[in-house]
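One-letter residues, chain by chain:
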Amino acid sequence: MSETETRFQEELGTRDMPDPREAQAPHHEHPSAKEYIRIGVILAVLTALEVATYYVDVGGALVPTLIVLSIIKFALVVMWFMHLRFDSLTYARFFVMGLAGAATLYLIVLISFGVFLVE
Amino acid sequence: MADLAITTPSGTAPAHDEHATTTGLPNTKLAMWVFLASECMLFGALISTYVLYRGASDVGPYPEDVFDIPYTSVSSFVLLASSLTMVLALASAQKRDVSRMRLWLLATALLGLTFVGGQVYEFTTFYDEGLSISTNLFGTTFYVLTGFHGVHVTVGILMLLSLVGFSAADRLPDDAAFPVEMVGLYWHFVDIVWIIIFTVVYLIPTPAPAPV
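Just so you know, the protein sequences line up as chains F and C, in that order. Counted the way numbering that gives the first Met the number 0 counts, the first sequence spans residues 0 to 118. Counted the way numbering that gives the first Met the number 0 counts, the second sequence spans residues 0 to 211.
Just so you know, the hints here were simulated from the structure itself, not pulled from any lab data. Since the structure is predicted, the reported quantities are computational estimates derived from the model, not experimental observations. Glycine residues also receive a C-beta, built at the ideal position from the N, C-alpha and C atoms.
Pair ranges (Cβ atoms, derived):
hint, chain 1, residue 1, chain 2, residue 2, range
1, C, ALA168, F, VAL57, 47 to 57 Å
2, F, ALA47, C, LYS94, 27 to 37 Å
3, C, LEU51, F, VAL55, 23 to 33 Å
4, F, ALA47, C, ALA167, 30 to 40 Å
In isolation and in its complexed conformation, chain C is listed as follows (with noise of 0.2 Å):
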């Protein structure tokens, strides 16, 4: 049975992502997709607290006080930026052309950071205008949501260059399509879920809050 487990129908031996699995899909992909289901779990929980939590607060700073929409939305389009950068480097990775996908994959990192700094940047202004996770209602349930969303980029970002590292140290197999790829729905979940946030938490406008 040992030399069974390592030989792959066609009598070779399997490659560094082509075990031979009972799906005929290749395991770490299959994870990674049940990984993002249980993630979309995690987010519509803390979404749906957001929704459910929606023009509750007793005291100000409400959303209209503290949003600042078009610098929002320039981080949108900078995180959307990084997806297309991100499929870039998988279409570089397919072609085995190295050089480019290590810059694609640098740009997508650069444009990640650049959307964390600016989320950074938000809490702090945020915080200043008297907005922290205990002041209200929205205080805590948008901190919790959009910082977890943001440890998810910074995540994201850590996966991305350590794929530019180990490609600089040559430890990549020679087809890096596979770790790029993973890397990469990973990195688009992030975005599909920042799609979801940018509408629910700042463009649909929050109801008056109740009169006392």
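Chain F extracted, bound-state conformation (with noise of 0.2 Å):
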């Protein structure tokens, strides 16, 4: 280890630290072309199934179908084609502190409807 390298990382104390440029590499490989079109052809069977039930009566399991539907249709996107399935945990960590901002935000706008009170 040169001279430079000690004082840096003496200076950041990060001497554990790994390399940045590999810690900037994903964990594991992009996917190849292939294996985004398989995914593209989920999405787009998945949407095919969603616009479905919409001329198939389902009943009472409509909702849940396509609430189900387009979490899986958004966990495929996010993992796949937005690589959190193959990045640091630490941009997964940011995006689900996101997505927790909007369910908080949801549920205090719902208390502040009155939508729990109790009549």
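Each of the two chains sits in its own frame; use the hints to bring them together as a complex.
See below:
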């Protein structure tokens, strides 16, 4: 290790930190074009299923089905197309924090609208 | 200290996206994820407002009077397809296949333009059918939510076209994968917001309006 490297790490107190270029690299290789296309086809099929619920009467299962399908689509895009499955967990933590913030916001609005008040 | 700030632990001059950071992660990418997290809050607020006011309009037109599900379904497929072309652009950039990368970026921008064009047409049709932003609660919450999303798609298209322009002018770094990935993150975020809007606004039936 050169003198400059030692001084740099002492200055930052990062003796145990990995080389940033290694840390910045994805944990795994990003998917190939074929895998992307496979995910794209799955997303198209799921969207077709969603649209099908508009024409086919599924009764009380309609809303849960639509919510589950959209959650699966959401997860597929975030995990594969946005690479959260392959990248550092730090990015995922920030994103989940945003989602949790949005859910909290919704809860606060529900409370302020008196949705949970018992008459 | 000055010389330390521009030196990576390996002693080499840092590349464009290769600064030493305390997290060991590129600041730009981290900032993009923080930005997307804040965008979750923005769209969370808009979607919450739409959901809270569902079926609360006193006067029509109501969603079932104006929505054209087959038409919006095609728009949804178009936006999903644009996410696929975006990742294919990234895959090409990672292989340093610049011409194919530009082609996929242009395809993504075109699909985005098709989506926005469809949204403009939809808004015009709804307006002609008597639904303006001030007609009722449905009009207000619908136009604000989908309008904000449309603006985000438009900004994404501008970013994509800028990437193509920079690439054509040879102003992208040799490894163009990083800027393409950053724009891609934003583009996919716009797509996942639409996944929720399509389900919540268009597909889940609105409760019948309360009798006056």
